[in-house]
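Assemble the whole structure, with the sequences as input and the hints as a guide.
So the protein lines, in turn, are chains A and B. For what it's worth, numbering that gives the first Met the number 0 labels the leading residue of the first sequence as 0, then goes sequentially. For what it's worth, numbering that gives the first Met the number 0 labels the leading residue of the second sequence as 0, then goes sequentially.
Treat each hint with caution, since some may be false.
[Unchecked claim] Keeping only pairs whose Cα atoms sit at most 25 Å apart, straight-line, the calculated BS3-like set for lysine-lysine is:
hint, chain 1, residue 1, chain 2, residue 2
1, A, 25, B, 131
2, B, 53, A, 87
3, A, 87, B, 114
4, B, 139, A, 131
5, A, 87, B, 139
6, B, 25, A, 87
7, A, 131, B, 131
8, A, 53, B, 53
9, A, 87, B, 126
10, B, 57, A, 87
11, A, 131, B, 25
12, A, 139, B, 131
13, B, 131, A, 87
14, A, 53, B, 15
15, B, 53, A, 15
16, A, 57, B, 53
17, A, 146, A, 126
18, A, 53, B, 57
19, A, 139, B, 139
Hints in this document: simulated from the structure, not taken from any laboratory.
Number of protein chains: 2
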Amino acid sequence: MSKTRTIIPNGFSIRKIELSDFEDVKIVLAGLTTVGPITLCTYETILNYWNSVKLMNKPSEYAYNTSVIIDDHTHTVAAIGTIFVEQKIIHDGGLVGHIEDIAVNSDYRGQKLGKLIIDYLSEQGEKLGCYKVILDCDVKNVGFYEKCNYNQAGIEMQTRF
Amino acid sequence: MSKTRTIIPNGFSIRKIELSDFEDVKIVLAGLTTVGPITLCTYETILNYWNSVKLMNKPSEYAYNTSVIIDDHTHTVAAIGTIFVEQKIIHDGGLVGHIEDIAVNSDYRGQKLGKLIIDYLSEQGEKLGCYKVILDCDVKNVGFYEKCNYNQAGIEMQTRF
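Structure below.
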């Protein structure tokens, strides 16, 4: 049974990312990290690529799900996040969801939209059959993710090129 | 330029996982975590699935690379590890490598094969164009990964279903 049940507040909706979100998505993700000089063509190619990667046992479902919270009045992207589902051998050919690139539009802070997108993506991972969903965060955000039903599991290590 | 240059010691070789590795792979991964009652058929389906997921801009390259270190004398799997490459929007449509499920056969401990498989998979990530490779580990293994040119980047959070 699901730990969470995503409740979308009045005035907002959640849907998968679309081509028309391009300008909004660049602005919202720029609040998170470097977006770079990505073109509309590259963006479209990425969305098509994401929709080409299916799950092994559920070929009608996608391994990547990037979803956006939309302000229904302004049609603005208020928040964004991605889950992609990794196929493993361990856990009897189990699936692990990886949540990545969570960002909330600075005009929409303080409305719990960060928790909403995490709850929503976590539910998607559970529905797709993941035995767990993981994400990496700054130390200062551990408390926030604990409120989203996550607990500390290990250390993220990186090497950059 | 690559930070590391994988040097394979005499008596060992590295190659991609194969169907014939099934029994060995189960034993080595069981030293890491629960493998479960996976069948040869499921294992074959996973290997075929991994080989169906290509990179967006390099369709001759695979998003998943599970490689094994082989003892050339006994043809045993001495170590195993996976890198899969995530396609992002950020960093101008950048790629991030995720290293997962590193395990060394208990008969081959103390031969630096853990570092060898990490160096090898990290190099594969760099060659495929990743701007970084990340992995999650126990606190007690941070020092080991630091010797592999990794540094601490954040906290891994998880939710289980």
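Tested hints:
Restraint check for residue 25 of chain A and residue 131 of chain B: satisfied, since their Cα atoms lie roughly 21 Å apart, inside the 25 Å limit. In summary, the hint linking residue 53 of chain B to residue 87 of chain A is supported, as the alpha carbons are separated by about 17 Å, within the 25 Å threshold. A threshold of 25 Å between alpha carbons decides the hint, and for residue 87 of chain A with residue 114 of chain B the separation of about 21 Å falls inside it, so the pair holds. Under the criterion of a C-alpha separation no larger than 25 Å, the hint pairing residue 139 of chain B with residue 131 of chain A is consistent with the structure, at around 22 Å.
Proximity of residue 87 of chain A to residue 139 of chain B is assessed by CA-CA distance (about 24 Å); at most 25 Å being required, the pair is judged to hold. Taking the CA atoms of residue 25 of chain B and residue 87 of chain A, the gap is near 12 Å; set against the 25 Å cutoff, the hint holds. Between residue 131 of chain A and residue 131 of chain B the CA atoms are separated by roughly 24 Å; this keeps the pair inside 25 Å, and the hint holds. Restraint check: the Cα-Cα separation between residue 53 of chain A and residue 53 of chain B comes to about 12 Å, which is no more than 25 Å; the hinted pair holds.
Proposed proximity of residue 87 of chain A and residue 126 of chain B is supported: the alpha carbons are some 23 Å apart, at most 25 Å. Note on residue 57 of chain B and residue 87 of chain A: the hinted pairing holds, with a Cα-Cα distance of about 23 Å set against a maximum of 25 Å. The suggested pairing of residue 131 of chain A with residue 25 of chain B holds, with an alpha-carbon distance near 21 Å, which does not exceed 25 Å. A threshold of 25 Å between alpha carbons decides the hint, and for residue 139 of chain A with residue 131 of chain B the separation of about 22 Å falls inside it, so the pair holds.
Simply put, residue 131 of chain B and residue 87 of chain A have alpha-carbon atoms about 21 Å apart, close enough for the 25 Å limit, and the pair holds. Restraint check for residue 53 of chain A and residue 15 of chain B: the C-alpha separation of about 22 Å stays at or below 25 Å, so the hint holds. A C-alpha spacing of about 22 Å is found between residue 53 of chain B and residue 15 of chain A, which places the hinted pair at or below 25 Å, so the restraint holds. Proximity of residue 57 of chain A to residue 53 of chain B is assessed by CA-CA distance (about 18 Å); at most 25 Å being required, the pair is judged to hold.
Of the supplied pair hints, the one linking residue 146 of chain A and residue 126 of chain A holds, its CA atoms being roughly 21 Å apart against a limit of 25 Å. A distance of roughly 18 Å separates the Cα atoms of residue 53 of chain A and residue 57 of chain B; the hinted pair therefore holds under the 25 Å criterion. For the suggested pair residue 139 of chain A and residue 139 of chain B, the alpha carbons sit about 21 Å apart, so the restraint of at most 25 Å is met.
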